[in-house]
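Participant: Spelled out, the chains give:
Number of protein chains: 4
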Amino acid sequence: MKNVGIIGGTGYGAIELIRLLQTHEHMQLKKIISHSQHGEQIAAIYPHLTDFIEDPMQELQIESLKDEVDILFFATPAGIAKEIIPQLAGSTIQCIDLSGDLRLGSPSEYEYWYGKKAAPKQLIDKAVYGLSEIYPEQIKQATIISNPGCFPTSALLGLIPALEKKVILESGIVIDGKTGVSGAGRTPTAMTHYSETNENIKPYKIGKHQHIPEIEQYLTAQAKEPITVAFTTHLVPMTRGLICTMYGQLAKETSTEEVIKQYQSFYENHPFVRVREEGSFPTTKDVYASNYCDIGIHVDQRSNRIIIASVIDNLVKGAAGQAIQNVNLMNGWEETHGLHTIPVYP
Amino acid sequence: MKNVGIIGGTGYGAIELIRLLQTHEHMQLKKIISHSQHGEQIAAIYPHLTDFIEDPMQELQIESLKDEVDILFFATPAGIAKEIIPQLAGSTIQCIDLSGDLRLGSPSEYEYWYGKKAAPKQLIDKAVYGLSEIYPEQIKQATIISNPGCFPTSALLGLIPALEKKVILESGIVIDGKTGVSGAGRTPTAMTHYSETNENIKPYKIGKHQHIPEIEQYLTAQAKEPITVAFTTHLVPMTRGLICTMYGQLAKETSTEEVIKQYQSFYENHPFVRVREEGSFPTTKDVYASNYCDIGIHVDQRSNRIIIASVIDNLVKGAAGQAIQNVNLMNGWEETHGLHTIPVYP
Amino acid sequence: MKNVGIIGGTGYGAIELIRLLQTHEHMQLKKIISHSQHGEQIAAIYPHLTDFIEDPMQELQIESLKDEVDILFFATPAGIAKEIIPQLAGSTIQCIDLSGDLRLGSPSEYEYWYGKKAAPKQLIDKAVYGLSEIYPEQIKQATIISNPGCFPTSALLGLIPALEKKVILESGIVIDGKTGVSGAGRTPTAMTHYSETNENIKPYKIGKHQHIPEIEQYLTAQAKEPITVAFTTHLVPMTRGLICTMYGQLAKETSTEEVIKQYQSFYENHPFVRVREEGSFPTTKDVYASNYCDIGIHVDQRSNRIIIASVIDNLVKGAAGQAIQNVNLMNGWEETHGLHTIPVYP
Amino acid sequence: MKNVGIIGGTGYGAIELIRLLQTHEHMQLKKIISHSQHGEQIAAIYPHLTDFIEDPMQELQIESLKDEVDILFFATPAGIAKEIIPQLAGSTIQCIDLSGDLRLGSPSEYEYWYGKKAAPKQLIDKAVYGLSEIYPEQIKQATIISNPGCFPTSALLGLIPALEKKVILESGIVIDGKTGVSGAGRTPTAMTHYSETNENIKPYKIGKHQHIPEIEQYLTAQAKEPITVAFTTHLVPMTRGLICTMYGQLAKETSTEEVIKQYQSFYENHPFVRVREEGSFPTTKDVYASNYCDIGIHVDQRSNRIIIASVIDNLVKGAAGQAIQNVNLMNGWEETHGLHTIPVYP
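Protein chains in written order, with this note's numbering: chain P, 71 to 416; chain Z, 71 to 416; chain L, 71 to 416; chain G, 71 to 416.
Warning: the hint list may mix true and false statements.
Which copy is meant is left open, because identical chains are indistinguishable; a pair holds if it fits in one copy or across any two.
[Claimed, not checked] Computed list of lysine-lysine pairs in BS3-like fashion (alpha-carbon distance at most 27 Å, straight line):
1. Lys331 / Lys275
2. Lys136 / Lys210
3. Lys275 / Lys322
4. Lys278 / Lys331
5. Lys191 / Lys136
6. Lys278 / Lys235
7. Lys322 / Lys278
8. Lys100 / Lys210
9. Lys186 / Lys331
10. Lys322 / Lys196
11. Lys322 / Lys187
If you're looking for bench data, these hints aren't it; they were derived computationally from the structure.
The shape of chain P in the complex, shown without the other chains:
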């Protein structure tokens, strides 16, 4: 049984980690660390947690952490993990960073897109990008995981097989992302105010979303040549769920059936990706509150394009669930441990 700490205890990422850890048999939650609300009971803020967590939230104390936890999740805003992880040097704590601090290989790219000072290049290089299905071997060796963003998880799982199988060209990729509102976090803003978000679709951060360089970096790594994408994001009136609808130019003649077979073979040993049969497209609710990524594919002969839709729960496979999946891999536990649950439906 490993001891677990969570930093950033009152955000949605932390809350979802707490929910998922509750049924995990190899990890026990020891410490919830909150900068702003230490000393408080988390159930005072989140009454749904009543009777589940005994200890109040705590202040960050690096030295005692080293003795008390084996695994540390960073469910923190941008800029925190990069400060704390170096202070843990010398310990054997496994660090999983759910923020974007360590996702971009280039510090200057980070600074351009995030508008913040980047982590030291050395730290970035030490972190492994935790896209579990694509980099399982590296993850097994890692001590620091940079957990992928929600849109990149959906987009990369949807596109990488097509690139790998040379189904699509590297140029002309379009990714139209749509997400539920929980991805915007817990701080109330005009953007997430119920009366203006309900019964509304809002395109946002067009051309400016920090997930653009993250997607491009890993597509480029896959294709081994520079890929740029047209990527947009839309806020949709629902709490959980995310879909990327993706469009690629066909590189050769093929059929929906053939591409589906290629995808199914690509994900054969990856239980959390489910590829739909011809004629069926996934909806976000098909993966609600679960760690699944469901993928639908249509080869559009008329426009010589492939259309791929990839759905996840942004808080699970797009954050806390994938983080636990990575910890499972890092520790040699069954990859699905604690995550093999049926989506909540309806």
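For chain P, the structure is supplied; the task is to place chains Z, L and G on it using the hints.
Facilitator: Relative to the frame of chain P, chains Z, L and G by itself:
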């Protein structure tokens, strides 16, 4: 490990049973029986179940059932369970009826409210009303459980302690119920059509709801004198969740604090009922996808009334979850087995 | 053509006034006054208003106001109207206060429920309570209108005929209120954060809502003896719409049909109240974006109670629409002018 | 004052026509014709219409129609208008077909995409495609209007200026459409069942949507060479509102600012299209219940693409509103008559 069958395999009650049984260590799902869609894979209807259920749904065959299952859940429309249960006589199958067939003690009451022929009185009398926190001892001895309705579960758990502790008078009880749309089941109707249900609150079945006599019957049993209630139901634009806001006349001088203490003591050994501290009221999302019933209380000195709000997830504590809780009790397993999970939030 | 000003230009009340005034032929909007954002174009904040408003918002300047506007709407938070209206003394400006400043006759009651200093008693006494269907004659004579709250509008229109016709007793009235989120205004808060409000029903301000004394004051005035009510409010996941479900003890033997006739007769000359036939209950969407109040009635013989449901759009009949209806009455225009529009459905 | 009839009286298109006609000063609604429910009061089906419509719905009688109405709206399912319009030959009735019967120039294309027998080619040729901003001169001369589909309205208004100004290439256009559920009509189906549509995004009819050939036909007409597009549609959990997010390959070097200027100039005399300034993108709620089409533009230098978002209310500019706009044009009335109203917000 007990073998389980579900009859009525394509409704929401069945789907939720399947979800909850997936992590239950003493039950394994052997058979999903569907009258209308036997022979089909359930994942063809509910893609979120992909990779979870191997066998296709089956037709009902009484004789083979007797050999194959130990526990049988009826997630069926009104009128089915009362026909099938008698045919299982002689077997040791534990029957849990999620429909209303066996809930009303009086066949004539049933016929008045349900507009259908009642079950034989003998069958009704053999069934135990599965309100787990109130009738645990009877449930432990039962072989047939009549699982409570969603509104009655919420209302009775909210009112019975106040009656038992003589906090409120028997007369003048008002229950204002509000439910998410999943309670109306899976058949598309004008009532549940998205465009007319969204951004709308609909009072429905005013004065005619079949949960009225169910609530009155068990309140009357508790008070040992006839109780009638004013009860209304409202459809609210959300999928899951149910709240009863209840109003009773104070029988004596008391305070919010005192009544809360009485409730907390009443539910001391019942982990699925959480009574809130003074000043805090539960919201339906606090119990989303979980088996909890959260209760808030306010003694309104000005109007000499008590206000009690009781929230549940209509598909869990109001249906499938309580059904499993009852099976846990019947078999001497831990009451919370398979149900001790944190609500999905947000 | 009268000139109109609105103070509090960026709240939802103001926005709805602007929408409704656009098609009003006897009023033209001259000035939008905003304390916090004067100098800005309102369409920069509310892009849906693009091309409708030319002038930027302005700072409040009492003296110039007197020359420029004939009618002034206060769509302001509590505490503002009571400061400004006295400064307009001597002018002939008609003042319509949509806030609660002048609704309670007793300054000490105001201070208890609002937690703020009350308006001078003299000012309170000069204001007429603008419940258009109940006090039309007083409104016609008024220069200062205290526009009713959203819940009181729904509750009073639903209950006053029953009291007036002696259908119900004065004691034992229960009002269960449910509202869309726009009633909470435009400031983002945890209470109105999409991810926590969606798919959720939240009881709030139980026992503490400032509409309690407002409802009681006008019921008491009607009954000519003190009435207290048990009143609760619930936030429901929708933007617009409000329903009060009300329960009263029958004062005499009667029938649903008979009471409906009494209500229809009571509202015969009041086009904005529509009383439903027996067996039909209104839903909030039936009055969406319109000035209607629809009422459904059921006499529940079993519990000796009457059940009344009264629905409005909280921003129209519950705020801006009723304000314009009052101005129509004050100026001798057709009561329905600018408001005789079909609800937006679906 | 012209007399108006509506065929297909109980669908959402008809309901929205009724709402908009209520304030139109040159048209009065004479006849609502319903095949399935003639003889009934429309308010019995749609209580929000109580007090607005006196006469019951009527059966279709061609001969009397000719005497009684000047303008006839077909808010009918596919296949009806093409049967009825020829029977009106010889009359001067202006026919506006809101269905897809007359939208595709090629009968064989129609039969492929709609799976129904096409209208006679002669009838198709007589109808003018009622995209008001693009074909105003032809509309002014027309007696038969084929009113555009909801997605084509949004997509064509968003793309045509870019093609016309040679901003984008003809090849490689991607259109990602998202719509509220009212576009699916009033018949309850599994697709529009609340519990499965709420908190969900559903891609649907991928590669098979009948709006694909409609969009391609008019883009092709504009570009004067064959254009194919990759077009997808998604059902989003809201009632009204539609957005097309569109991606085109830049044909030349340009900037966001420059393209916005070109669009603003293109739509200079078209009050219902509002082009946003740089950095601002429209949301569907910005045009709720109104006839506006709001457009946002971003030139994405990185991917050498332009991103255009175009939002409408699918029932207004995407159906009933544009139909009335076309009638205004046909009759020489002010184009905005009866439609110059502020969107309902929030």
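Participant: Against the structure, test the hints numbered earlier, and report the numbers of the ones violated in rising order.
Facilitator: 9, 10, 11
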